[in-house]
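Novice: Sequence:
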Amino acid sequence: SLGPPSQPKLTLEVMAFLKNTFLDFSGAAQSSRRRTQSEGPVVRELVCWVPGEVAQQQKKENSEAQEITTMMLKNIPVGLSHDEVKESLLSLGVSFDVLHVPADVRSGCNRGYTFLNCPSPGAYEGAATKLQNSRLPGACNSKKVLEVCRAKVQGRAALKHVA
Numbered sequence: 008s009l010g011p012p013s014q015p016k017l018t019l020e021v022m023a024f025l026k027n028t029f030l031d032f033s034g035a036a037q038s039s040r041r042r043t044q045s046e047g048p049v050v051r052e053l054v055c056w057v058p059g060e061v062a063q064q065q066k067k068e069n070s071e072a073q074e075i076t077t078m079m080l081k082n083i084p085v086g087l088s089h090d091e092v093k094e095s096l097l098s099l100g101v102s103f104d105v106l107h108v109p110a111d112v113r114s115g116c117n118r119g120y121t122f123l124n125c126p127s128p129g130a131y132e133g134a135a136t137k138l139q140n141s142r143l144p145g146a147c148n149s150k151k152v153l154e155v156c157r158a159k160v161q162g163r164a165a166l167k168h169v170a
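Once you know that position 151 of the sequence shown is 158 in this note's numbering, the rest is easy, because the numbers rise by one and skip nothing.
Be aware that a few hints might be false.
Restricting the straight-line Cα-Cα distance to at most 20 angstroms, the calculated cross-link-like pairs of lysine to aspartate or glutamate (EDC-like) are [stated by the list, open to error]: (1) K93 x E154; (2) K151 x D90; (3) K81 x E154; (4) K151 x E94; (5) K93 x D104; (6) K93 x D111; (7) K137 x D104; (8) K81 x E132; (9) K81 x D104; (10) K159 x E132; (11) K150 x E94; (12) K159 x D104; (13) K81 x E94; (14) K137 x E154; (15) K81 x D111; (16) K137 x E91; (17) K93 x E132; (18) K151 x E91; (19) K150 x E91; (20) K137 x E94; (21) K159 x E74; (22) K151 x D111; (23) K81 x E91.
None of these hints come from the bench; they were simulated from the model. Remember, predicted model here, so these are calculated numbers, not experimental data.
Given the sequences, and given the hints that come with them, work out the whole structure.
Specialist: Structure (structure tokens):
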């Protein structure tokens with residue numbers, strides 16, 4: 008008697024690979040015209056995407072496409088005003104030409120993050136090194152540790168609406 012086909016055994020290696028892999032069918036476009044049986048079935052080529060490799064490639068392409076000069080600085084103590092944040096950054100020796108500290112309209116407090124644009128990619132790297140995992144000097148009782156990340160919008164010209 009013919010039973011159901013046996014399923015292959017999933018080993019720990021295969022399961023780990025599948026956990027860290029995304030199968031993408033978007034690269035295999037299918038024609039809109041109807042295929043006949045003589046042409047055979049539509050064959051879709053599987054493209055395996057491993058997160059680390061693609062992320063590194065995208066990072067390389069993005070850095071080549073544009074210079075990174077604008078950062079988002081997270082975990083700003085909410086009690087600080089725009090001027091206090093500015094003075095704290097200047098006291099650390101951070102060089103920037105645009106500083107945007109979004110504030111809550113009702114309370115007047117900042118929202119806990121800020122955007123700053125550095126004049127050059129080198130200044131960005133220096134600022135990121137100084138600020139990452141540090142604390143702002145103007146925030147006496149705050150235990151918040153700053154986190155630096157690349158802003159989605161880059162450059163002084165793109166931030167002219169907040170300058």
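Novice: Just to be careful, I want the Cα atoms of K93 and D104 compared with a cutoff of 20 angstroms; is the pair within it?
Specialist: 11 angstroms, holds
Novice: Tell me if the straight-line CA distance from K81 to E94 falls inside 20 angstroms.
Specialist: 17 angstroms, holds
Novice: Taken at face value, is the distance from the CA of E132 to the CA of K93 at most 20 angstroms?
Specialist: Holds - the C-alpha atoms of E132 and K93 are around 18 angstroms apart, at most 20 angstroms.
Novice: Does E91 lie within 20 angstroms of K137 when you go C-alpha to C-alpha?
Specialist: Satisfied, since the Cα-Cα distance of roughly 18 angstroms is no more than 20 angstroms.
Novice: Compare the distance between the alpha carbons of K150 and E94 with 20 angstroms, and conclude whether the hinted pair is satisfied.
Specialist: Given that 20 angstroms is the threshold and the Cα spacing comes to 19 angstroms, the pair holds.
Novice: Does the alpha-carbon distance linking K137 and E94 stay inside the 20 angstroms limit?
Specialist: 15 angstroms, holds
Novice: Take the C-alpha atoms of K137 and E154, compute the straight-line distance between them, and say whether it is at most 20 angstroms.
Specialist: 11 angstroms, holds
Novice: Given the hinted pair K151 and D111, is their Cα-Cα distance within 20 angstroms?
Specialist: 19 angstroms, holds
Novice: Can you confirm whether the C-alpha distance between K151 and E94 stays at or below 20 angstroms?
Specialist: Given that 20 angstroms is the threshold and the Cα spacing comes to 17 angstroms, the pair holds.
Novice: Quick one, are K151 and E91 close enough, alpha carbons at most 20 angstroms?
Specialist: Roughly 16 angstroms separates the two Cα atoms, so the pair holds.
Novice: Measure nothing beyond the straight line between the CA atoms of K81 and D111; if it is 20 angstroms or shorter, mark the hint as holding.
Specialist: Holds. K81 to D111 sits at ~16 angstroms (cutoff 20 angstroms).
Novice: Given the proposed pairing of K93 with E154, does the C-alpha separation stay at or below 20 angstroms?
Specialist: 17 angstroms, holds
Of the numbered hints listed earlier, not one is contradicted by the structure.
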